[in-house]
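Full structure from sequences and hints, please.
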Amino acid sequence: MKQSAKLFFHTLFRRKIVVVAALIILFFFICAVASPLLATHNPNEMILKDKLQGCSAEHLLGTDQLGRDLYSRIVYGSRIAFIVGVLSVILAGIVGTIIGLVAGYFGGIVDSILMRIIEAIMAIPSIILALALVAIFGRSFLMLPVVLGVSAIPGYARMMRGQVLTVRELDYVQASRIRGNSSIVTMAKHIFPNCLSPMIVIMTQSIGSTILGEAALSFLGAGIEPPTASWGAMVNDGYKYLYTNPGFAIIPGVAVILLVLAFNIFGDGVRDALDPRMRGGK
Amino acid sequence: MGRYIVKRLLETLVILFIISIIAFAIIHLIPGDPVYIMLGTDINQEFHDQVYREMGLDRPLVDQYFYWLGRFLTGNFGHSYYFKQEVSQVVAARLPITLYLGVFSSVFSVVIGIFCGVITAVKRGTWLDNIITVLANIGIAMPSFWLAMLLIWLFGIKLRILPTHDFVMPSVNLKLSLQQMVMPVICMSVGGVASYTRQTRSSMLEVIGQDYIRTARSKGLTESRIINKHAIKNALIPVLTLIGMTLRGCIGGSAIIETIFNINGLGRVMVVALNNRDYTTLQTGLVLLALITCLCNLAVDIAYAYVDPRIRLK
Amino acid sequence: MSEHLLDVKNLRTVFHMHEGVVRAVDDVSFHLDEGEIIAIVGESGSGKSVSMMSILKLISMPPGEILGGEVWFKGENILALEKNSKEMRSIRGGGISMIFQEPMTSLNPVLTIGDQIAESITLHLGYSRTDARKRTVELLTQVGIPDAQSRIDYYPTQFSGGMRQRIMIAMAMACNPKILIADEATTALDVTTQEQILELLRDIVKQTNTALIIITHNLSIVARYAERVYVMYSGNVVEQGTSEEVFHQAAHPYTMGLLNAIPRLDSDKSKQLVAIKGFPPNPAKKPEHCAFYARCPYTCETCTKPQIPDAISYSNIHTASCWFKREQLMNMDAQELESLAEKTVNSDVIMEVKELCKEFPVYSKGFFRRKIGNVRALDNVSFKVYRGETLGIVGESGCGKTTLAKTILRLYDASHGSIVFNGRDICKLKERDLGDVRREVQFIFQDPYGSLDPRQSAGSIVGESLKAHKLCKTPKDYNRRIDELFQAVGLDPALKNRVPHEFSGGQRQRLSIASALASDPSFVICNEPISALDVSIQAQIINLLIDLQAKRGLTYLFIAHDLSVVRHISDRIVVMYLGKVVEVSRWDELYSKPLHPYTKALLSAIPIPDPTVEKQRVRTRIEGEVPSIVKRPTGCVFHNRCPHATERCKTEIPQLHSYGNEHLAACFYAEEHNL
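For the protein sequence lines, the chains are A, B and C, in the order given. For what it's worth, the working numbering labels the leading residue of the first sequence as 30, then goes sequentially. For what it's worth, the working numbering labels the leading residue of the second sequence as 2, then goes sequentially. For what it's worth, the working numbering labels the leading residue of the third sequence as 102, then goes sequentially.
Simulated from the structure, these hints should not be mistaken for lab results. Please note: incorrect hints may appear among the correct ones.
[What the hints assert, rightly or not] Below, simulated DSSO-like cross-link-like pairs (lysine-lysine); rule was C-alpha separation at most 27 Å, straight line:
(1) Lys110/C x Lys187/C
(2) Lys406/C x Lys387/C
(3) Lys218/A x Lys531/C
(4) Lys184/C x Lys124/B
(5) Lys159/B x Lys269/A
(6) Lys507/C x Lys218/A
(7) Lys426/C x Lys406/C
(8) Lys751/C x Lys124/B
(9) Lys568/C x Lys218/A
(10) Lys218/A x Lys279/C
(11) Lys8/B x Lys472/C
(12) Lys571/C x Lys218/A
(13) Lys571/C x Lys529/C
(14) Lys184/C x Lys230/B
(15) Lys175/C x Lys279/C
(16) Lys124/B x Lys45/A
(17) Lys307/C x Lys35/A
(18) Lys230/B x Lys124/B
(19) Lys701/C x Lys485/C
(20) Lys574/C x Lys234/B
(21) Lys230/B x Lys235/C
(22) Lys35/A x Lys269/A
(23) Lys485/C x Lys694/C
(24) Lys574/C x Lys485/C
(25) Lys234/B x Lys187/C
The structure presented is a predicted model; accordingly, all values stated were derived computationally and were not measured.
This is the structure we're talking about:
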């Protein structure tokens, strides 16, 4: 077992770009965890007389329209990105996995109904769906991951279902039944663990798009309630000042791109590392 | 083949049915009395009750649904209290714009994306591959609204060569329309181009490793013939699924771009309607967008069956 | 320059892989004359396919690299040509063409077969589109595709495996090449289809005077078709000569080992199979000395010299690369034969299958999937199994042997009939009462790669039954049992924490066997347990199975398509075709006095690894392919391929009659001539 883990990490970090991506993620993670230590100012403190300043020694990246320090807001914003992004993926992942598992294993009418519902959700544009859910459930910190997750659930459910359908027919699953294991034991011991790796891959890969989704929601004014700093909201705020302080809108966007890019590349690396063909052995 | 299409059509109907229920339910899920939320609380009781009845809210839930469904299917989409017009007018003015831009962006993404994807696969490992792949990765990571702002700042403010607001259909003013189209289309396509490039690349690489390509090589065919005739068609099959998703993204996701560029399209109207709780517009818009998505998916499925003889012949 | 049509000299190809440089082809030389049929024999890692791909420059470079050598073809060294140059491309398909192993994936699924064949013709012969099409129809007819004129516009999915291979042959022969290379071209096909394809190949190349290179691991095919043979091991040619020389006067220990390890249709079973010990070589870790050293039963000090043994000539064609001469090897004491235990067979019936039927529903393709009919995978199958014996089940694809196994194991529910095991009808047991049956009746899978959960440790896989049936009271007991099982199948218990992909194919199959034995079953169903293994490993597993049977008093149901192997291991044999039992007999009678025409055809189709015997064999060929079970013929299931079919055979179903000595057959022709 330890052998597998070693091989996994070795293959994962074989490519330099994946290492760089991991470091970027780590950097932002540290920002999120140690925000008070890294920020220079209180992100919500408004000093109106200092509003809309450019980069200076005191305000590394300038200030926003309410005099708040942009650099500190970006540092604190990484919290939102991580919490919302990762939490949403985990929640959606769990729900999607269960739906996929049930649909794939039981098949028949259960499968048909679940799949039609999933496809219906997929047919609704995700932004609209997210906005509608925000209207229904509100903008609290905890609801946001749920809202963002809902449009991701169908993707996970379909992937899991596909995996279950494939794995179910494999010899070792039948072997488990022949050796005397019940259906439940077989599902838990053999089917589920072997379906997990593609799920982990797409979950890692979708953290990026979830962060983008949060940014989009915030941009439309439906994200985290102000004054909490969120990168998307900052871009929204900066939009009005594009003529005078372009940096205000553009810099938070760069933060989004960096983190999303890092997660995407890392996700690709995880996929390659879990793929038995890439592991340098057989 | 016919049976396959019929099957997909029936499935689409089921999906639309489910969506209609969701659309209908939104009114009742958002907390509060719908009429007061729509019109504000400072209307008199009589007006409130009148509107309440007009919207059929006094009936039992199931009845309401069929009442709404019946009117919907006969083309009576109701009255928009926010826009102060019939919903059909609200939609009719804006749907063509969204469709026009959406289809244009989709086609653009598909063509450029597939082209880039094929090149990166064929020239794997070269500097061209590396550059395009890096750009594609950035393209996927980029929020479209951020790119919009960047472009607006660059071309609209600094260089002043492109308009930054509004949109007219080409029939009204061709030159202006084309100028106005450049930035929104670019923003809407970036994500698509990037995804297509990546998907086509990985699809091509997988196809190139297949046995039948080895057979084609063993017959002495030229590389270009192998790529063009043998590989591409097979590689496009998984990419087709992506086209369905992109169409969906372009049409539904246009909301943000339309808002930024102040384009009077259906996406923006939906956001406005949602924020102002204009339920009637919201319901109609939702079903319409979903309908368009389903039709796109259906078209993709049919294309699928056409391209892959294995599906056609099953 | 050379007087041969193809003269390969000192070819060396390597692959630059993550774990090092793999010397796939390490100084290989061979030649071929016009119209000759030669065979290149070897197992996995021998380099036989890579050699051919190197000649045509079809390997991907990187990671491959051709280090050196010369390939003289029609007076030119084609190895010096650029990979994608016009000259090289005109040789591919035009001068030398190749057909591959997997007919299912070797044709482009989105292009018509006519298109795929015609494009070579227009490219190499410069024909116009219409002329190319005409020639394509000719070729398709020549290879036996019925109705070629209309089927030329069909897609590959519309053809069966055998048909697709014929299409591949047509494609390869389209431009009148001088040489045709068949790389394991029949390995993926049914036995009778294999014979048809090989005969077709031989007929075509003889007609057109094309030289043929047969690449295979199957020595029996070599004996039947090849004029000269090259035996390869780990990237080198270890022996070469005429067929007779190599088979009758083998001079290299590897060749000798192979010949002793394969069961023959005409051997008496008094001689046991001698397995080649050890594992197939890992091309990434090729030693400097003789590559066969680790597995050779005749080694001594000289063999560790860091150099590939020089070739010793025995005639002007026959050479072998070994430090010892043949006479010396004959006089050396080979290492001890493993002594296999003796088994006893009772007259006690442990299992009786009676009129077993299994049907699968067929659904229409509309939105509402209505049942429009049934497919009969098993049709009134009846037979007895005696305690302690090995009952072989033989048949080609669609015969129902796998369905039979799964129905006995209750992975499927029978539609009709009974399976009485130790006095109880398995079919009638409820799911929760199956516990006992699942302990007593076990299964060994065909695929050593798919049958082990890649995420479980080897020990956990082997102990699965122990946990499922709660057979061990304490962890110490459990560990002890696991160790015992590992040792019983010849594996080191220290390996029990490794995961499946760290084991070789043969080792995985041993793990499968250990896992099946964990619950101490009395009845084991072996489903093609060796067909996915290398030839040199197959004998190891067969011997292991025989040994375990004797030691533990097991009863085997041995399912396979390879009649030679089945004959070797079985006491009695059941022959199945399209879901029906067509013949049952003791092992010796089946081969000396086959009664059913299908059995005779099967036996005919299987070559014997002895060229002299092969030349004298009288064979019966059957036409057509195994039909799909969806479209079963009426009356006798075999009538549309049977040379003796009459009107009666089309309408009436023959029943199993006894012909004395426990020999049963279901055939009207046999009735008329034997009763």
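Evaluated hints:
1. Lys110/C x Lys187/C: Distance ~23 Å between Lys110/C and Lys187/C Cα, so the pair holds.
2. Lys406/C x Lys387/C: With Cα atoms ~14 Å apart, Lys406/C and Lys387/C stay inside 27 Å; holds.
3. Lys218/A x Lys531/C: holds (24 Å)
4. Lys184/C x Lys124/B: holds (17 Å)
5. Lys159/B x Lys269/A: This hinted pair holds, its Cα atoms lying about 16 Å apart.
6. Lys507/C x Lys218/A: Distance of about 22 Å is within 27 Å: holds.
7. Lys426/C x Lys406/C: holds (17 Å)
8. Lys751/C x Lys124/B: violated (60 Å)
9. Lys568/C x Lys218/A: Holds. Lys568/C to Lys218/A sits at ~12 Å (cutoff 27 Å).
10. Lys218/A x Lys279/C: Violated. Lys218/A to Lys279/C sits at ~56 Å, over the 27 Å cutoff.
11. Lys8/B x Lys472/C: holds (16 Å)
12. Lys571/C x Lys218/A: holds (16 Å)
13. Lys571/C x Lys529/C: Measuring from Cα to Cα gives roughly 25 Å; hence the hint holds.
14. Lys184/C x Lys230/B: Roughly 20 Å between the alpha carbons, so the hint for Lys184/C and Lys230/B holds.
15. Lys175/C x Lys279/C: Within the cut-off at roughly 9 Å; holds.
16. Lys124/B x Lys45/A: holds (21 Å)
17. Lys307/C x Lys35/A: Given that 27 Å is the threshold and the Cα spacing comes to 57 Å, the pair is violated.
18. Lys230/B x Lys124/B: The hint holds at about 17 Å.
19. Lys701/C x Lys485/C: holds (23 Å)
20. Lys574/C x Lys234/B: Not OK: Lys574/C and Lys234/B at ~60 Å, beyond 27 Å, violated.
21. Lys230/B x Lys235/C: holds (22 Å)
22. Lys35/A x Lys269/A: violated (51 Å)
23. Lys485/C x Lys694/C: Holds, at roughly 21 Å.
24. Lys574/C x Lys485/C: violated (36 Å)
25. Lys234/B x Lys187/C: Holds, at about 25 Å.
Of the numbered hints listed earlier, those contradicted by the structure are 8, 10, 17, 20, 22, 24.
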